[in-house]
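Protein sequence lines correspond, in order, to chains A and B.
Sequential numbering from 1 applies to the first sequence in the working numbering.
Sequential numbering from 1 applies to the second sequence in the working numbering.
Just so you know, the hints here were simulated from the structure itself, not pulled from any lab data.
Since this is a predicted model, take the numbers as computed values, not measurements.
A couple of the hints might just be wrong.
When the alpha-carbon atoms are kept at most 20 Å apart in a straight line, the in silico DMTMM-like pairs for lysine to aspartate or glutamate are as follows [to be verified]:
1) B:202 with B:188
2) A:87 with B:104
3) B:477 with B:585
4) B:523 with B:554
5) B:603 with A:56
6) B:539 with A:249
7) B:606 with A:249
8) B:241 with A:181
9) B:512 with A:246
10) A:178 with B:239
11) B:241 with A:153
12) B:606 with A:92
13) B:542 with A:249
14) B:542 with A:56
15) B:512 with A:240
Just the calculated beta-carbon pair ranges, DEER-fashion [said to hold, decoys possible]:
16) B:599 with A:60: 17 to 27 Å
17) A:39 with B:525: 52 to 62 Å
18) A:44 with B:215: 45 to 55 Å
19) B:219 with A:170: 50 to 60 Å
20) A:170 with B:245: 45 to 55 Å
21) A:170 with B:358: 50 to 60 Å
Which residues of chain A face chain B? A few of them, derived with a C-beta cut under 7 Å, are [as the list claims (entries may be wrong)]:
22) 17
23) 19
24) 64
Note that beta-carbon positions come from the ideal geometry of N, C-alpha and C, so glycine has one too.
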Amino acid sequence: MVFGKTTQATLVPAFDITQRKELPPTDSYERYLQWMLKNTKQTEPFLKAKWERSREILQRQDIVEERVLQAFLMAPREEFCRPYNRKNAYADAAMPIGYGQTISGPHMVSRMTQNLRVEPHHRVLEIGTGSGYQASVLAELSNFVFTIEIVPELTQETDEIYKKLEADYPQYKNIKRKNADGYYGWEEYAPFDRIIVTAGIDHIPPPLLQQLTPGGIMVIPVGPPSGQTVMKVTKNVAPDGSITLEREDIFHGRRKVIFVPFTAGKGEVHSIEKDLQKKDSGKKEQK
Amino acid sequence: MRTKLSSFRLAALFVLSVTLIAYELAVMRTFAVGSWSNFGAMVISIALLGYGLAGTLLTFLEARIRKNADTWLLVSALLLTPAMAAAHIVAQWVPFNPLLITMDSTQILWIASYYVVYSVPFFIGAIFIGVSFIAFRDKIHQLYFWNMLGSGIGGFFILGLMYVLPPDRLVGPLVLLAGIAAYLCTLEYRWELRTPILNPWKVSTVGLTSLLSVVVLLVAGDIRVSDFKPISYARQFPDSKQVYHTYGPLGEFDAFQSSFFHFAPGLSDNASSNIARMPQNAYLGLYIDGDGPIGIMRKLKPGEEAYMNYLPMAAPYRLLKQPKVLLLRLGGGIGAFSALHHGAKQVTVVENNPYLLHMLKRDPYFREFTDNLLYDPRVRVVQTEPRAFTGSTKERFDLVEISLIDSIGLSSAGGYPITENFIYTAEGIRSYLSCLEPTGVLAVTVWNRLNPPRNVPKLFSTIVAALKMDGAAHPEKQIFVFDLLLSTATVLVKKSPFEPKEIETLLEFCKKMSFTPCFYPGKPDPGRTFDEILEGYDKQMKGGTATTDLLPEELYQYTVSWLTQGKERELYKRYVFNIDPATDDRPYYTAYVKPASIPLVVKNLKDLSEEWGYILLVATFLVSLLFGALIIAVPAIGRWEELFQHRKGTLQVLVYFSCLGIAYMLVEIFLIQKLSFFLEDPIFSTSVVITAMLVLSGIGSLMSGRSSLPRNRLLTLAVAGISLSVLFYIFLLSPVLDALLGAPLLVKILLSILFIAPSAFFLGMPFPTGLSYVSQKRPNLIPWAWGVNGCLSVTGSVLARLASVSFGYRLVLFGAILLYLLAWWMFQSLTREDGSKDTGNANLEGSDSALTT
Numbered sequence: 001m002v003f004g005k006t007t008q009a010t011l012v013p014a015f016d017i018t019q020r021k022e023l024p025p026t027d028s029y030e031r032y033l034q035w036m037l038k039n040t041k042q043t044e045p046f047l048k049a050k051w052e053r054s055r056e057i058l059q060r061q062d063i064v065e066e067r068v069l070q071a072f073l074m075a076p077r078e079e080f081c082r083p084y085n086r087k088n089a090y091a092d093a094a095m096p097i098g099y100g101q102t103i104s105g106p107h108m109v110s111r112m113t114q115n116l117r118v119e120p121h122h123r124v125l126e127i128g129t130g131s132g133y134q135a136s137v138l139a140e141l142s143n144f145v146f147t148i149e150i151v152p153e154l155t156q157e158t159d160e161i162y163k164k165l166e167a168d169y170p171q172y173k174n175i176k177r178k179n180a181d182g183y184y185g186w187e188e189y190a191p192f193d194r195i196i197v198t199a200g201i202d203h204i205p206p207p208l209l210q211q212l213t214p215g216g217i218m219v220i221p222v223g224p225p226s227g228q229t230v231m232k233v234t235k236n237v238a239p240d241g242s243i244t245l246e247r248e249d250i251f252h253g254r255r256k257v258i259f260v261p262f263t264a265g266k267g268e269v270h271s272i273e274k275d276l277q278k279k280d281s282g283k284k285e286q287k
Numbered sequence: 001m002r003t004k005l006s007s008f009r010l011a012a013l014f015v016l017s018v019t020l021i022a023y024e025l026a027v028m029r030t031f032a033v034g035s036w037s038n039f040g041a042m043v044i045s046i047a048l049l050g051y052g053l054a055g056t057l058l059t060f061l062e063a064r065i066r067k068n069a070d071t072w073l074l075v076s077a078l079l080l081t082p083a084m085a086a087a088h089i090v091a092q093w094v095p096f097n098p099l100l101i102t103m104d105s106t107q108i109l110w111i112a113s114y115y116v117v118y119s120v121p122f123f124i125g126a127i128f129i130g131v132s133f134i135a136f137r138d139k140i141h142q143l144y145f146w147n148m149l150g151s152g153i154g155g156f157f158i159l160g161l162m163y164v165l166p167p168d169r170l171v172g173p174l175v176l177l178a179g180i181a182a183y184l185c186t187l188e189y190r191w192e193l194r195t196p197i198l199n200p201w202k203v204s205t206v207g208l209t210s211l212l213s214v215v216v217l218l219v220a221g222d223i224r225v226s227d228f229k230p231i232s233y234a235r236q237f238p239d240s241k242q243v244y245h246t247y248g249p250l251g252e253f254d255a256f257q258s259s260f261f262h263f264a265p266g267l268s269d270n271a272s273s274n275i276a277r278m279p280q281n282a283y284l285g286l287y288i289d290g291d292g293p294i295g296i297m298r299k300l301k302p303g304e305e306a307y308m309n310y311l312p313m314a315a316p317y318r319l320l321k322q323p324k325v326l327l328l329r330l331g332g333g334i335g336a337f338s339a340l341h342h343g344a345k346q347v348t349v350v351e352n353n354p355y356l357l358h359m360l361k362r363d364p365y366f367r368e369f370t371d372n373l374l375y376d377p378r379v380r381v382v383q384t385e386p387r388a389f390t391g392s393t394k395e396r397f398d399l400v401e402i403s404l405i406d407s408i409g410l411s412s413a414g415g416y417p418i419t420e421n422f423i424y425t426a427e428g429i430r431s432y433l434s435c436l437e438p439t440g441v442l443a444v445t446v447w448n449r450l451n452p453p454r455n456v457p458k459l460f461s462t463i464v465a466a467l468k469m470d471g472a473a474h475p476e477k478q479i480f481v482f483d484l485l486l487s488t489a490t491v492l493v494k495k496s497p498f499e500p501k502e503i504e505t506l507l508e509f510c511k512k513m514s515f516t517p518c519f520y521p522g523k524p525d526p527g528r529t530f531d532e533i534l535e536g537y538d539k540q541m542k543g544g545t546a547t548t549d550l551l552p553e554e555l556y557q558y559t560v561s562w563l564t565q566g567k568e569r570e571l572y573k574r575y576v577f578n579i580d581p582a583t584d585d586r587p588y589y590t591a592y593v594k595p596a597s598i599p600l601v602v603k604n605l606k607d608l609s610e611e612w613g614y615i616l617l618v619a620t621f622l623v624s625l626l627f628g629a630l631i632i633a634v635p636a637i638g639r640w641e642e643l644f645q646h647r648k649g650t651l652q653v654l655v656y657f658s659c660l661g662i663a664y665m666l667v668e669i670f671l672i673q674k675l676s677f678f679l680e681d682p683i684f685s686t687s688v689v690i691t692a693m694l695v696l697s698g699i700g701s702l703m704s705g706r707s708s709l710p711r712n713r714l715l716t717l718a719v720a721g722i723s724l725s726v727l728f729y730i731f732l733l734s735p736v737l738d739a740l741l742g743a744p745l746l747v748k749i750l751l752s753i754l755f756i757a758p759s760a761f762f763l764g765m766p767f768p769t770g771l772s773y774v775s776q777k778r779p780n781l782i783p784w785a786w787g788v789n790g791c792l793s794v795t796g797s798v799l800a801r802l803a804s805v806s807f808g809y810r811l812v813l814f815g816a817i818l819l820y821l822l823a824w825w826m827f828q829s830l831t832r833e834d835g836s837k838d839t840g841n842a843n844l845e846g847s848d849s850a851l852t853t
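Model the full structure from these sequences, guided by the hints.
Quick look at the structure:
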């Protein structure tokens with residue numbers, strides 16, 4: 001069977017985020033600032049910009065959960081920007097990082113992260129490492145982050161950023177990285193509870209849907225190159241094996257549950273013609 | 001002898017006019033290859049900004065120029081060579097990124113810097129032309145003729161160059177041309193020798209400058225392709241290998257092989273649970289001018305083909321057994337493969353892109369890759385525009401399919417440009433329906449453009465309008481619509497009403513695919529009322545969170561119902577976007593913004609970023625208005641006393657030349673747009689129209705210069721001629737073009753020239769007639785009048801596009817007639833006020849010239 005591969009090799013996180021005693025306070029800027037200055041190497045101008053951006057993020061309801069907000073407030077976005085963009089790290093904009101790629105804007109990252117509803121025990125697969133910022137936010141929320149980047153040079157550059165930051169942010173040691181075509185997922189660590197795709201494509205890759213656990217959530221931009229819709233896909237498998245997929249627009253809340261007809265097993269090539277023929281012949285017989 | 005020297009200067013003007021137009025088109029190609037082709041409109045405005053600025057400057061320098069015109073001509077022609085090369089090179093280093101335009105305000109500055117950089121060569125070129133007008137004010141008609149002829153030939157010259165040179169190398173030959181113009185200006189007249197002679201110093205300076213400019217271009221003139229062009233991305237795929245490269249006027253074509261290309265637009269989510277795996281290495285990526293990719297599909301092995309059953313394009317094959325299929329556009333071949341996979345008896349593919357066809361039919365690599373798809377005995381390829389085929393064929397098909405062609409060649413940065421699209425118009429749909437067998441089906445699949453939905457409702461209104469044109473009594477019985485939420489929507493239109501059994505079959509298909517049936521005959525109304533839905537989208541558009549969870553299928557259902565129940569007017573009025581049917585008179589399927597909601601769209605542009613093509617158009621219009629106002633105002637303020645006080649008629653002159661500037665462009669842009677459909681590609685219509693109009697207008701100018709009619713009467717004749725030919729365009733051109741669609745391209749080009757000829761001939765008369773009057777009565781107004789005309793032409797060119805989007809071609813053309821009548825009236829009042837007996841153009845020729853040496 002394609003779905004329902006439930007046996008996973010047990011993974012041990014390099015750093016258990018659930019053991020952290022404290023996370024940054026979110027009730028006032030002063031307390032947040034003091035805490036961050038004491039516990040991280042982040043500096044005041046960036047912290048201020050980040051705090052201000054977080055207010056806007058809350059207002060736009062990109063983030064609605066305290067722990068996602070804390071993840072945003074922890075991650076040092078400036079470290080993932082290219083030097084020439086560093087000072088604008090918290091501007092409401094995507095910015096180039098070379099290789100024709102961008103670091104997504106803070107609102108987009110927040111909205112996508114929030115929609116994933118990540119828990120610490122979740123295996124989270126990211127397709128499109130890019131700057132590495134999205135995975136750094138995910139690493140605040142889960143102990144098991146996997147990320148795949150298509151461009152070898154970018155994989156290398158981002159790898160170096162992580163290595164540089166790991167001393168101060170041990171949670172980044174939990175991010176497994178590789179250079180590959182994300183279309184096929186990461187079979188070795190599948191299935192995943194959460195999948196986030198940051199590169200646009202004209203369809204949901206079937207291998208990724210296959211590697212999503214029952215109850216799993218995928219956030220993915222789908223559409224033609226000129227305009228993609230970021231959607232959240234939730235996969236539900238009922239005890240009787242019937243599968244439903246729910247598609248939802250993460251910005252406009254419209255959602256729809258669709259039922260996936262259940263078939264017998266992996267490898268069977270389903271033939272609609274056969275079904276229709278059967279149906280037709282059934283009807284003829286009835287007549 | 002003086003005449004001889006004048007001939008050299010006129011020749012220089014001719015060569016320079018060739019250069020400037022060719023350069024303008026080369027810059028457009030540069031933008032298309034390096035960043036974004038939609039900046040074409042911007043290049044025209046940059047060029048004309050240069051003209052306007054030059055006109056303004058010359059207004060102040062007119063007296064000085066007359067004393068020393070030769071030097072001005074030589075210096076401006078000489079400066080043009082390095083200026084053209086430098087602008088091209090510097091522009092490559094502007095870090096503009098269209099992808100970020102809605103997020104990063106500094107991008108606007110980078111656009112402005114393009115204006116600064118590129119306006120320099122146009123400014124210098126325009127100084128040359130302006131100085132010629134001042135210097136040769138006794139030969140206005142001849143001058144205008146050579147200027148027009150040069151510009152016209154420039155269009156064809158660059159088109160020819162595009163066949164032989166890659167986009168990176170187009171500027172070099174143009175720099176040499178400018179060098180020739182400069183060389184022609186080095187000739188001096190020596191009274192003692194009574195003949196023109198060469199000045200060796202000047203000649204070597206010209207030669208050296210041109211040569212150096214070309215060398216610099218060769219070294220540093222490569223177009224820097226933006227990192228954000230899709231092609232840059234393909235180059236970075238680890239296993240990517242370029243397998244094809246060619247170039248020509250239709251673009252630069254590059255194909256890449258990589259295992260990283262994956263295409264399956266609209267693929268049902270159910271594929272994941274029903275097929276073992278997707279086919280690997282199934283596609284090549286084809287990029288046109290760096291945009292795309294279009295997936296060129298290989299022949300799949302039997303086991304791999306299953307996924308085709310999960311694409312929306314599989315739907316019509318549930319109804320048709322062994323159909324005869326007509327595919328409008330080849331795309332990357334997936335439609336043809338899918339048709340064969342579903343048992344099509346015969347597949348006719350209509351595709352007009354010669355490069356794509358050449359690649360797939362002649363290149364051995366692609367023939368092998370596609371397993372000779374286009375040589376399959378069941379497949380027939382017709383190389384023409386879809387409508388040229390459907391409008392002329394007598395064949396009948398079981399299925400006509402248009403699948404996702406509106407997104408071919410688009411890039412993430414480009415959004416959906418506002419361009420003419422004659423595929424999706426009511427007349428177009430009607431033409432496809434006419435090719436169907438009585439029980440045949442037309443299948444159209446498009447991407448759903450949501451938040452709020454726009455393209456699918458517009459497609460519905462267009463289809464329903466086509467069915468009504470065809471006299472369908474119950475169009476609602478002929479339509480079946482399904483979509484995949486947040487992905488594609490497919491509309492099936494049957495030539496006759498759908499049978500209940502067919503509806504059942506399609507519903508079953510949708511169920512198996514988890515596609516949502518949005519509309520079908522007999523579908524019960526959704527729970528929500530249409531008022532609630534319309535209000536919901538209204539709120540969403542205004543930036544507020546919609547109170548209801550709006551599903552597009554509900555809107556789609558009501559839209560089709562209202563359209564077929566005669567409530568379309570109310571629907572168009574109430575819906576947040578313009579969803580009127582696209583027609584041949586208003587062929588803008590991708591234009592959805594209602595003029596009244598422009599402020600709202602600007603305010604929420606981040607959410608509505610796909611609409612920025614329209615907003616860019618509006619912005620370009622406003623900028624051109626601003627430039628126009630400045631170019632009119634600066635001389636007016638600077639030389640108020642001289643131009644206005646105690647001088648009657650200045651205002652009339654101003655209005656006269658403004659009207660001409662705008663109205664000429666309204667007609668020209670209309671012809672380019674309208675003929676883009678007839679001549680099968682915008683590049684052909686642009687070249688044919690520009691060249692034919694300029695040359696024929698030039699001839700009109702020359703003839704009017706020789707006419708002994710008083711200017712008043714000449715202008716009356718011209719305006720009458722223009723009005724009549726424009727009325728022909730309004731009432732007769734469409735049916736005439738439709739009837740001739742099937743003719744060979746060359747014949748169509750000749751016919752087009754024939755249609756353009758009468759209007760272009762007469763359009764060439766008012767400008768030089770006015771200018772020759774001005775040069776006689778108010779010579780100090782020449783550069784200003786010329787500059788105002790040039791600048792308002794920019795406004796006219798953008799206005800033409802904007803107004804055709806909002807009001808359709810007919811109104812634009814009526815507007816052009818009105819403007820010419822206004823100009824005529826201005827001229828009459830001018831000559832009346834003047835009181836002098838007007839003697840006509842011909843008497844002016846041969847009078848005093850500034851070119852005395």
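Do the hints match the structure? See the list:
1. B:202 with B:188: holds (10 Å)
2. A:87 with B:104: Distance of about 14 Å is within 20 Å: holds.
3. B:477 with B:585: violated (27 Å)
4. B:523 with B:554: holds (11 Å)
5. B:603 with A:56: Status holds; Cα separation ~17 Å.
6. B:539 with A:249: holds (17 Å)
7. B:606 with A:249: holds (16 Å)
8. B:241 with A:181: holds (16 Å)
9. B:512 with A:246: holds (16 Å)
10. A:178 with B:239: holds (16 Å)
11. B:241 with A:153: Holds, at about 17 Å.
12. B:606 with A:92: Roughly 11 Å between the alpha carbons, so the hint for residue 606 (chain B) and residue 92 (chain A) holds.
13. B:542 with A:249: Holds. Residue 542 (chain B) to residue 249 (chain A) sits at ~18 Å (cutoff 20 Å).
14. B:542 with A:56: holds (19 Å)
15. B:512 with A:240: holds (18 Å)
16. B:599 with A:60: 17 to 27 Å: With Cβ atoms ~21 Å apart, the hint holds.
17. A:39 with B:525: 52 to 62 Å: holds (59 Å)
18. A:44 with B:215: 45 to 55 Å: At roughly 53 Å between Cβ atoms, residue 215 (chain B) and residue 44 (chain A) fall inside 45 to 55 Å, so the hint holds.
19. B:219 with A:170: 50 to 60 Å: Holds - the Cβ-Cβ distance for residue 219 (chain B) and residue 170 (chain A), about 51 Å, lies within 50 to 60 Å.
20. A:170 with B:245: 45 to 55 Å: holds (49 Å)
21. A:170 with B:358: 50 to 60 Å: holds (58 Å)
22. 17: Result: violated, 31 Å to nearest chain B Cβ.
23. 19: The hint is violated - residue 19 (chain A) has no Cβ within 7 Å of chain B, the shortest such distance being about 37 Å.
24. 64: Given a least distance of 13 Å, the restraint on residue 64 (chain A) is violated.
Taken one by one, the earlier hints fail for this structure at numbers 3, 22, 23, 24, listed in ascending order.
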